[in-house]
Every structure is written in structure tokens, then in C-alpha cells.
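S.K.: Sequence:
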Amino acid sequence: MISKWPKILPALTAEQQARNHEFMRLWHEELAGRSRYGAVERFNHLFPVRHSRPGFRTTLEIGAGLGEHLEYEKLTPEQEANYYCNEYRENMAAQIRQRFPRVQTVVGDCQQRMDFADGFFDRILAVHVLEHLPNLPACIAELHRLINKENGRLLIVIPTEGSPAYGLARRLSAQRLWYRHFTAPYVEFYGREHINLVPEILEELHPYFTIERRTCFPLPFLPFVFCNLVIGLSLVPRQPALPRR
66 MISKWPKILP ALTAEQQARN HEFMRLWHEE LAGRSRYGAV ERFNHLFPVR
116 HSRPGFRTTL EIGAGLGEHL EYEKLTPEQE ANYYCNEYRE NMAAQIRQRF
166 PRVQTVVGDC QQRMDFADGF FDRILAVHVL EHLPNLPACI AELHRLINKE
216 NGRLLIVIPT EGSPAYGLAR RLSAQRLWYR HFTAPYVEFY GREHINLVPE
266 ILEELHPYFT IERRTCFPLP FLPFVFCNLV IGLSLVPRQP ALPRR
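Just so we're aligned, residue 66 is where the sequence shown starts under this note's numbering, counting upward by one.
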């Protein structure tokens with residue numbers, strides 16, 4: 066699959082941008098508060114926890130949302146002090162600071178160079194993030210720069226966007242929430258969010274990381290995109306990275 070990067074999205078008006086940020090906040094609150102999403106949310110957040118290497122010290126979580134993932138972690142005081150939440154939206158980063166004052170919250174774009182030394186992080190988490198990024202290759206290259214090449218792990222969860230299972234789930238969940246709050250067409254939000262499909266994400270990861278473990282949900286015994294909702298990946302950094310095609 067050949068993709069053109071960065072992907073160019075239509076500009077938003079100030080009103081559309083505000084609506085976009087507000088819906089993202091509402092959706093994260095919906096996920097955290099509704100028991101009907103419990104099974105998939107447990108997979109989303111427990112996959113990185115269960116497949117983290119013992120003894121990690123530093124963590125970077127990109128696209129940390131409202132800090133929901135932290136509810137699933139069992140961190141030592143040192144690990145908590147060295148846990149960095151990266152979030153693009155200031156309105157959501159403010160809630161992380163309020164809820165989890167002992168972690169480090171950093172507002173910024175994970176598609177750009179971040180203010181950390183090479184190999185600073187033992188563990189990097191990306192839970193439902195990579196599918197959103199117009200410049201996905203830039204983000205993955207930066208994560209590779211930041212990760213400890215000796216024993217670091219990149220732990221990601223991505224949706225099976227484009228699959229029949231995921232399309233149905235979206236119509237019954239996020240789309241309904243949108244129309245409870247807004248009259249603008251849902252495509253205004255969704256058409257610029259899940260812009261990267263599973264094959265594209267895997268292709269961009271390949272030069273920088275090897276897959277250590279891959280698990281699908283809800284049908285791990287049928288490891289195919291069409292019948293599952295999400296895929297969890299544990300990845301080991303290549304050293305050095307492969308040449309890009």
C-alpha cells in the first residue's frame with residue numbers, strides 16, 4: 066500500500082475546531098463512564114499494561130486524552146513521577162493535570178520533535194492514536210528516536226477502521242453521541258479523524274519496529290481485520306531502522 070504523507074485535511078473554521086475539541090472530550094468521558102464499552106475499553110488499556118516489560122522506569126503516553134489509561138496502571142512512585150502524558154488539546158490536558166497531578170503532562174504535537182533526549186523512554190504507549198495522524202511517518206520516526214533501543218517497547222492499540230465490525234460499532238456509539246450534542250453532520254468530525262487504516266499503520270511501523278506480539282479483540286482466535294474491532298501490538302525497536310522504500 067502506497068500512501069502520500071502528510072495527508073492534507075480541509076481547514077476547519079473556528080466554530081468547527083471548537084466543536085471538534087468538545088466532541089473529543091465528550092467521547093473520552095463517554096468511554097470512561099459507560100459500562101457497555103467496558104470489555105473493549107479493558108482490552109484497550111490492559112493490553113499495554115500486560116505486555117510491558119518488568120522494571121521499566123520512564124513512560125511516554127501520546128494522545129493521552131483525559132488520562133483514562135492511568136486508571137489501569139499500577140505504578141511505583143518513581144514510575145509515576147516519570148510518566149509523561151502527551152496531549153494535543155489543552156482542554157483535555159487540563160483535566161489530566163487536575164486528575165493526576167503527580168504525572169507529567171505535556172501539551173504538544175507528537176508528529177513533531179519532542180523535547181526529550183534520544184532513547185529517553187523505556188515504554189511508549191499509543192492507545193487509539195496512530196489512526197488519527199496526518200503525518201504518521203513523522204510520529205513513528207520520533208517515537209523510534211525517543212525509545213530505549215536496548216529493552217524499550219512500543220505498545221499500541223489501533224481500531225480496525227474500514228471493517229464491517231468497526232463500522233457498525235461506530236454507528237451505534239460515537240455517531241449517536243455526536244447527534245445528541247450537535248446538529249452539524251457527523252462527517253465533519255469523523256471524516257478527519259480515522260484517516261489511517263491498519264495496513265498503512267503497519268507499513269509505516271515496519272522500518273522502525275518489529276512486532277513481538279499481536280492480539281485482536283474480540284475474536285483473538287480469528288486474527289483478521291474484518292471481524293474484529295481493535296488490534297493490540299507490542300513492538301521492539303529496530304537498531305538501526307531499515308531504509309524506507
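Everything labelled a hint here was simulated from the structure, so no lab data went into it. The reader is advised that the hints may include incorrect statements.
Said to hold, decoys possible - Below, computed lysine to aspartate or glutamate pairings styled on DMTMM-like, alpha-carbon distance capped at 20 Å:
no. : residue 1 : residue 2
1   : Lys72     : Glu268
2   : Lys69     : Glu215
3   : Lys72     : Glu253
4   : Lys214    : Glu265
5   : Lys139    : Glu106
6   : Lys72     : Glu265
7   : Lys72     : Asp183
8   : Lys69     : Glu277
S.K.: What are the numbers of the hints the structure violates, in ascending order?
M.R.: 2, 4, 7, 8
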